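Novice: Residue strings, one per chain:
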Amino acid sequence: MAEKIGVYVCHCGTNIAQTVDCKSVVDYASGLPNVTVAREYQYMCSDPGQELIKKDIKELGLTRVVVASCSPLMHEPTFRRAVEEAGLNQFLFQMANIREQCSWITENKEMATERAKSIVGAAVKRVEFQEPLDVKKVPVNPNVLIVGGGITGIEAALQIADSGKKVYLVEKEPTIGGYMAQFDKTFPTLDCAACILTPKMVSVGQHPNIELLSYSDVTGFSGYVGNFTARIRRRAKYVEEEKCSGCGLCTEKCPVSVPSEFDCGLGKRKAIYRPFPQAVPNVPVIDRDRCLYFTKGVCKVCQKFCPRGAINFEQKETYADLQVGAAILATGFDLFDASKVKQYGYGRLPNVITSLEFERFSHASGPTGGKILLKNGQMPSNIAILHCIGSRDTNFNEYCSRVCCMYSMKIAHLAHEKTGARVYEFYIDLRAFGKGYEEFYKRILEEETIFIRGKAAEVTDVAQTSAERGKLIVVAEDTLLGIVRRIPVDMVVLSVGLEPRKDTTEIARIFSISRSQDGFFLERHPKLAPVSTASDGIFIAGACQGPKDIPDSVAQGAAAAANALSLIDRKEVTLEPTVAFIDEKSCSGCKICIGLCPYNAISFDESKEVSVVNDALCKGCGTCVAACPSGAIGQRNFTDDQLLAEVEAICA
Amino acid sequence: MYELKRLGVEFGLVQEGAVAPVLSKTFVDMVDKYGRVPEIPLMMTVLLKTNPLRILKMIPHGLKLFLRGRMPFLPHRISGISELQKCSGAMTDALVSGVHAGPVTGEET
Amino acid sequence: METHMEFSYYPGCSLEGMNKAYDKSARLVSKTLGIDLTELNDWNCCGASAYMSIQELRAHLLSARNLAIAEREKKDLVVVCPACLTTLTKSNHYMGEDLKLRRTIASALKAANLQYLGTVKVRHLLEVVVNEIGEQEIKTKVTRPLTSLKVAPYYGCQFTRPFGEFDDKEFPVMLDTLLKWLGAEPVNFPLKAKCCGGMLMTTNEPVGLGLVRSLLDCATQNGAECIATICPLCHITLEAYQGNVNKKFATSFEVPTLYFTQLMGLAFGFSRKELGINEELISSKAVLARRVEAV
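Residue numbers (the numbering used here), protein chains in the order written: chain A, 330 to 981; chain B, 191 to 299; chain C, -9 to 285.
The hints are simulated quantities; they were obtained by calculation from the structure and are not laboratory data. This structure is a prediction, so every number in the text was calculated from the model and none was measured. Hints are not guaranteed to be accurate.
[Said to hold, decoys possible] Here are the simulated DSSO-like cross-link-like pairs (lysine-lysine), alpha carbons at most 27 Å apart as the crow flies:
no.	chain 1	residue 1	chain 2	residue 2
1	A	Lys669	C	Lys159
2	C	Lys275	B	Lys254
3	B	Lys195	C	Lys275
[To be verified] Partial selection, computed: residues in chain C whose CB lies under 8 Å from chain B:
no.	residue
4	Leu5
5	Lys10
6	Ala40
7	Pro246
Don't be surprised by glycine CBs; every beta carbon is placed ideally from N, CA and C.
With the hints as constraints, model all of the structure from the sequences given.
Specialist: Here it is, written out as C-alpha cells:
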C-alpha cells in the first residue's frame, strides 16, 4: 500500500524564507509521488506548527512525515515527539535541513531554492523506506565518578553525596584542594582561601557517601550512559591510610629535603610529605624518587618512628574497577609557562616571579612565612604587575584568561598591605565583571595603585640612567599618555594566564570527549549546555571547560551535579535504536568490524563464529557498516535502501 | 606600517623637514636608475636636500673612509637595468588596466 | 671530511662600497669551509625598507628579479646582510601566500622573460656556517684560536625578526656559539638583538647616537673588548660614530668592531690585510695583539 507523506516547509522566520522560496518548495513537494499534503509555516517548531503535523496525521491518516527546516541537532527530538504524540512511530519521520545546509550558506536565492527542493525530494524518497523502531530503555547505576578534587570537584561531590547517592572522588595529588589551597586570599572578598576551602575539604573527607581515592588516576573508562566502568589506578603511598593518624612525626624525622611543588619550588618538603598541613586525607606519601630507602636502600627513619606502624615500603600500586552511572570531569587548569615569553626575563632575571609564586610568598605558611621578599632578602619598594602574560596573544593563547585582572588587583592589595610598596599595574583592559568586582577595582584605585594602560613590552636590567641601575626596568607604551615609559622597579609579577592541563589530551581520549580549539574540554552548547558534553552521562565543570574564577567554578560544579542527579533519578535512560545490526547469515566471521569499532561495541560469538553488536554500546557511527566486506552489517534508519533513495533523488 | 609611510608620502602628510621621506625617495630614484645604490652618493644627495651643513661635519668621516679605500663614488649600473625598467612598466600597465594591487588574500580568479 | 655546498651569493649594495672588507672576508672563509659562493649574476638592489616605504609592488619586484635569477641557477641564495635577508624573505613569503600578488609579479617578470616559481630559500651566511658546517668541521680549521678574546656578539634587529625561526627571536645564540668554536669568549650582552639605529643616523641623529651609546655601554660594561657584527649597516653605524657619541655624551668609547667573517678568518690563520681588517676605522690591533698570536 502506498505511503501517505506529509511535507512541512518551515520559514524559520527569515532564516530560511529570506533566501529560499518556500512556496516554490511546497509546490514542488506537492507534486512528488506519495505526497499527500505539503504545507509551509513560519515556525514549525512552535506549538501551532507542531499542531499542523499532528492534525494532518490524525485527519489525513499520514504514514510518513518530512519537516524541511533546521538541523536535526536542533529540533529532530521536537518533531519526533510531536509525531509520537499523534500516534505515529517517531522513526517514520525525517528531517530535511534547508537552513544550515542551504539557506545559511549562500545568498543566491535561485541556487538555494533549487537546493532546498533537492534536499526535500531526497528526504521524501528516503522516508518511504523507513521502518518503525522502538527505543531501548536501560537502568541507570546511581553511583557517580568525579575526576578532580579541586573546589569544583568538591562542590559537585558534596551536592551529590548530600542527595544520598554514592560518589567516587578521584584525585591525582595526595590531597584534594587543587589550586585554591595554594592561594592566600581570594578576590573580591579577600577571604582567606584556606579558611573557606578546608571546611569543605573536611566535609568531603568525612562524608559517608563519598569514597575519596587520592593519589589515584583514571586509566580507563568504558560503557554507555548509566552504565560506565571506570578503571582507577591507586598509586602506592607506602603509608597505610587506615593506620596513619596524621601526627606528622615521619615528616619531621625524614632527612631528605627537596623543593616543594606546592610552594612552586620556592620552599622545601621532605621525601615523605603532606603537600600542606590541612591536607585531606591527612596522610603523607613517600616520593620514591627522592626517598633514601628506594634509591639507596638505607634510612627507613620514618618507619622507625611511626607510632602506628603505618609505613609500608612493600605497598603496591593497585587497580580498582568502579561501576558508575555518570562521570563529572573537574580536572582544572595549568598556568601558562612564563619562560616562553623571553622578553619578560622569567628564569633569567632575578625577582621576576609569577602570580602564583607571589601567592606563596604572601601565604602565612609559605616559604617566607608570609613576607614578600626579594632574592636578597629585602622587601621591594616598587612592584610592577604585568597583565595578560600568555593570554590575548596570537603567539601563545588567543583567549582571555578571565581571572587575571582580578587576581592582579588582589596582588596589588596584598603588596600594599605587606610591603607598603608602590605598585604599578600594566594592563590592556580591566575586566572586573563579577559581583563586587568593580567595587574592588575602585578600592584598589583608592589604595593609590598606579594603573598604566599598555601591555609591557619587556623587562630589562640594562640601565639607561643612574635611577635605573640595579633595578628591573619595565618598558611599556603608556597609551593614554602616548609615550613610551621606562619604570624601574624591584620586583615584577607576571599575571600568567590559564591553560588546559597537559594531561587533557589523555583524559579526553580516555573519556572519548572532544576539546575546543583552545584545548579545553568541549561543552555540548556554549550557551545552553555548558556542563554537558556530546557524550551522554559525561559532564565537565570548572576550569577544565574554560578559564573561570571560584564562584563560577562552584556554580558549574553544582550544575554538573544537578545534571548527573537528573540523569540518575530518571532511573532509566532511553537509547537510540539507530544502531548497527549484523545479519548472522551473511557474516563470514572475518572480525574486521571488531577492530574498527571506536566504542568496542562488537564482540565475537565463538560458538556461532559471527560478530555480534552490543546495542547499548553502539553509537551508530557507521564505520563497521561501511567496512564489512560481506555487507552483513546494516544500520537501523540508515539502511542501504534509505541512503540510496536519497542519492537517487538528488541525482535525478 | 609601510602602508602608512606610503600614504604619508603620497598625500604629503610628512613632518616639515623630515629626512626619512627624502632618503626613501632618493633611494628609489637610484634603484630605478642604476639598479644598485651606492651609499656615498645616496648620503650626499640626501644631505644636500635636507641639511647641507651636515656635509661639512661629515668631511672628517669621509676623509677617514677615503684614506682606507672605502669610498665608492661612482654608481654601478647593472646591465639588466632596462630589463628591470621594462618589468616595472609592465606592472604599472597591468595595475592601470585593473589587476588588483597589493597583498589581499585572493581566490583563484 | 670536506664539506662542499654550492650557493648563489648576494652581497647587497652596502658591500660594494664602504664595507668591501665584509665581502672579502666572507668569500675567503666560505672557500676555506668548502662553501662555494657564486655571485648572483647582475643582481639588483633588494630595496631594503626604503623602497617598500614608497612603492609596494615594485619593491616586491626587485626581490622577485633576484630570486628568479637565483632559481635559474638552481641554487639557494646566501646573503650576509640581514636587511637583504628580511627583504628577500618577505617577498618570498608574501608571494607564496598571496595568489594575486604572485600573479601580478609573474606577469611583470614575463616582460623580461623571467619567471619565479618559489623554490629558492634565502639564508644568512652565519646560519649556514653554524647549521651546515657545524662545530667539528670549524674546529678543525681553527689554527689560531681567539683564546680569551672577549667579544660582544651583536645580531641587530633583523637577523631573527620577523622570519628567523632558526634561533631565539629575542636572545639568539648562534653567533655566541660560533665565537666559542673559534676559541673566543662571547660576553653576556642583553642588548644583543636591539637596534643600532641604522638609517636613523641620517634621518634622526640624536636618536641614533643614543642607541649606539646604549649598545657600546652595555658591551663594555659586560667586559667586551670588541664587538662582532653580522650586518654591514650595524657595523658601520657602530664603528663610524663612536667619536660623535663621545662628544655628545662625554664618554670615551673606542671599541673595535669586526665582522664575524673577519673573526673566523683570523682564527683560520688569515692576515689582517687579507681580511680587510686594515680598512677599519677603529684600530683592533692592540686588542688582537693581546689575544691572538702573531697577527
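Novice: All hints are to be evaluated individually against the structure, with a verdict given for each.
Specialist: Results for each hint:
Our distance criterion of 27 Å between C-alpha atoms is met by A/Lys669 and C/Lys159, whose separation comes to about 11 Å. For the hint linking C/Lys275 to B/Lys254, the alpha-carbon distance of about 17 Å falls within 27 Å, and the restraint holds. Between B/Lys195 and C/Lys275 the alpha-carbon distance is near 44 Å, which puts this suggested pair outside the 27 Å criterion. With 8 Å as the threshold, the beta carbon of C/Leu5 stays out of range of chain B, its nearest partner Cβ sitting at about 10 Å, so the hint is violated.
For C/Lys10, the interface hint holds, since its Cβ comes within 8 Å of a Cβ in chain B; the closest pair sits about 7 Å apart. Interface hint status for C/Ala40: upheld, as the beta-carbon distance to the closest one in chain B is roughly 4 Å, under 8 Å. Restraint check, C/Pro246 versus chain B: the minimum CB separation of about 14 Å is more than 8 Å; hint violated.
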